[in-house]
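As they're listed, the protein sequences go chains A and B.
Every letter in the first sequence is one number past the one before it in our numbering, and letter 51, counting from 1, is 51.
Every letter in the second sequence is one number past the one before it in our numbering, and letter 45, counting from 1, is 1045.
Please note that a few of the clues may not be correct.
Between beta-carbon pairs, the in silico distance windows are [said to hold, decoys possible]: (1) A:T76 to B:E1174: 55 to 61 Å; (2) A:I111 to B:M1147: 36 to 42 Å; (3) A:S39 to B:R1141: 41 to 47 Å; (4) B:L1142 to A:T12: 24 to 30 Å; (5) A:V129 to B:F1195: 57 to 63 Å; (6) A:P38 to B:A1107: 47 to 53 Å; (7) B:S1106 to A:D37: 30 to 36 Å.
By construction, these hints were calculated from the structure, which means they are not laboratory data.
None of these values were measured; they are calculated from a predicted model.
Where is the CB? At the ideal position from N, CA and C, for every residue including glycine.
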Amino acid sequence: MEPYQRIHEELTRVGVTLAATLPDDWVGPLIGRLDADPSVIHVPVAREAEAVTICSGAFFGGVRSVAVIGNTGLLTCTGELATLNLRHQIPVFCIVSMRGSIDDHRVYQEIQGRRTIPLLQAYDFPYHVVDRLDEIGCIPNAYEACRLQKRPFILFLTRRLLKGQ
Amino acid sequence: MKTRDAMKVLAAHRGGSLAVCALGMASNEWWAATKSEETFYVHGAMGFAASFALGLALSLPKEHVLLFNADGSLCMNLGCLLTEAGAAPKNLKHFVVDNRVYQTVSAVPMVNRNLSDYVGIARAAGIAKAREIDNVADLERLAPEIMASDGPYFVNLRVEAESAHLAVPPNNYEGAEVKFRFGRAVEKRLGIKVFGPQGY
Chain A
1 MEPYQRIHEE LTRVGVTLAA TLPDDWVGPL IGRLDADPSV IHVPVAREAE
51 AVTICSGAFF GGVRSVAVIG NTGLLTCTGE LATLNLRHQI PVFCIVSMRG
101 SIDDHRVYQE IQGRRTIPLL QAYDFPYHVV DRLDEIGCIP NAYEACRLQK
151 RPFILFLTRR LLKGQ
Chain B
1001 MKTRDAMKVL AAHRGGSLAV CALGMASNEW WAATKSEETF YVHGAMGFAA
1051 SFALGLALSL PKEHVLLFNA DGSLCMNLGC LLTEAGAAPK NLKHFVVDNR
1101 VYQTVSAVPM VNRNLSDYVG IARAAGIAKA REIDNVADLE RLAPEIMASD
1151 GPYFVNLRVE AESAHLAVPP NNYEGAEVKF RFGRAVEKRL GIKVFGPQGY
């Protein structure tokens, strides 16, 4: 089974019905699956901060949502995540490609690989790394942790999970 | 047109709408006119109250949502107009309080203020219903039609720049209390669950 299918299944199990997305090539197939799901309102955005703030607004409509973005985009919206989501204690569940890992040989992803985790720790944004297919079942717990902690939660997907060896 | 007068007119015509206010003087004036807790007063993420309002509107398609944006905020996230046009929420009205200055920082002039045309930008982004209103009489006359129309509807409220910083105080609660007051107000009015059984 493809990882994208398993992730989609778990998001359905959690009750996600809105996805705001901006593609990175690793998460593109997941976005395609969400777009094809008639039970999901898919909102393509022009900038990642739109995705996390759209999900934040949807929280108040009682709708469960997910922002699907790349690691570079996550770095661009940390200010909004801090000043909206930390300020008002609004949970937002983000699925993010973990770019810049040792097996990601794109030179323009290198900084993201070295600095993203320390940045999340500085903001006290919880995160969890999914590296294998059999770990995707953590999504319901991760989603609940996001709501309970009332802040951004980053679920990282690795290259090994999404692209294979 | 003064911001206060525009907010008073829209408050009188808001019906049962939910509202989202970007941080700034328009938010303060909306609070002064309504004391509404069915409004989310965004205290950060400048530029992205528009996206927050879009998410709210998409999640509650049967409810009317009013967004009070500002020109400085709009310019920080012009892409919101593309996303709004693409999502095409029938229940969203996007008001921009356009005073051509960053009022809360001593009325510093807005970037490119003599040439920019926000209505033109909104139309070019794909929002067909877009107009400017620059006086109270027109706003009074057009407000019922705007409120009754399908969205997305973009209205640029051309108002006077005012220099008195915080002459009208903001809502007297902040942070997590904004979340809980608004969320509980939505739950009460609509009979939906925003928060879980343990309150988060």
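Results of checking the hints against the structure:
| no. | hint | verdict |
| --- | --- | --- |
| 1 | A:T76 to B:E1174: 55 to 61 Å | violated (26 Å) |
| 2 | A:I111 to B:M1147: 36 to 42 Å | violated (48 Å) |
| 3 | A:S39 to B:R1141: 41 to 47 Å | holds (42 Å) |
| 4 | B:L1142 to A:T12: 24 to 30 Å | violated (44 Å) |
| 5 | A:V129 to B:F1195: 57 to 63 Å | violated (29 Å) |
| 6 | A:P38 to B:A1107: 47 to 53 Å | holds (49 Å) |
| 7 | B:S1106 to A:D37: 30 to 36 Å | violated (49 Å) |
Violated hints, listed in ascending order, are 1, 2, 4, 5 and 7; each of the other numbered hints is respected by the structure.
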